[in-house]
Amino acid sequence: MADTIDPTNPTAQKLTTAKQKKETADQAFKLGHTQDALRSYHEALMYLLGLDKNALQSIGIASRPAPDSDANKEKEKTEVDDIIEKIYANMSACHLKNGNWKRAQETAEKALAKNENNYKAMFRKGKALGEQGFFEKAEKVLEDLKKKNPSDAALADQEIARLKVIDNARERAHKKKMKGEWH
Numbered sequence: 001m002a003d004t005i006d007p008t009n010p011t012a013q014k015l016t017t018a019k020q021k022k023e024t025a026d027q028a029f030k031l032g033h034t035q036d037a038l039r040s041y042h043e044a045l046m047y048l049l050g051l052d053k054n055a056l057q058s059i060g061i062a063s064r065p066a067p068d069s070d071a072n073k074e075k076e077k078t079e080v081d082d083i084i085e086k087i088y089a090n091m092s093a094c095h096l097k098n099g100n101w102k103r104a105q106e107t108a109e110k111a112l113a114k115n116e117n118n119y120k121a122m123f124r125k126g127k128a129l130g131e132q133g134f135f136e137k138a139e140k141v142l143e144d145l146k147k148k149n150p151s152d153a154a155l156a157d158q159e160i161a162r163l164k165v166i167d168n169a170r171e172r173a174h175k176k177k178m179k180g181e182w183h
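Take the sequence shown: its position 116, counting from 1, is numbered 116 in this note's numbering, and each next residue is one higher.
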């Protein structure tokens, strides 16, 4: 049995193309070209989302239990699932940089659907929720992040503090408006 994947196999070709698109996107993001990165991440997803698990097994990509989970309860993950998770988490970072809070939240949630312990996606979801004014939800996500990954506690605390300042300023402005002092 051969150890290499047949490059003429359509599934293998799609996977290879998707990986190349993701790499292009990663490089664009590093250069600060978030729109280019988003385009390439989206293109990579188009190649990956249609890949059938049985077809992946035929090219030697077997499913494995998701990390930190009961294999009977959790659906099995493949290399493709891992790549999709990373793409969504990276897309969330792009949307945060662009100030597109709702899309940042949505893509972070898609990454978390693939791996609920993706700490970067958790942080990005919390930040995006806070930026949309959902301070209690944001704080809950960030507190959960601190419990799951104590090494991110300082970063989460910093974001919670930043969001509280924004929340307090909005609250003061709202009270002032309600008193009729707003011009």
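Simulated from the structure, these hints should not be mistaken for lab results.
Any given hint could be a false lead.
[Stated by the list, open to error] Pairs of lysine-lysine, PhoX-like flavour, derived with a Cα cap of 25 Å: (1) Lys137 with Lys147; (2) Lys147 with Lys86; (3) Lys97 with Lys120; (4) Lys164 with Lys177; (5) Lys148 with Lys110; (6) Lys147 with Lys177.
Hint check:
| no. | hint | in the structure |
| --- | --- | --- |
| 1 | Lys137 with Lys147 | 16 Å, holds |
| 2 | Lys147 with Lys86 | 22 Å, holds |
| 3 | Lys97 with Lys120 | 14 Å, holds |
| 4 | Lys164 with Lys177 | 20 Å, holds |
| 5 | Lys148 with Lys110 | 19 Å, holds |
| 6 | Lys147 with Lys177 | 38 Å, violated |
Checked against the numbered hints above, the structure breaks only hint 6 and satisfies the rest.
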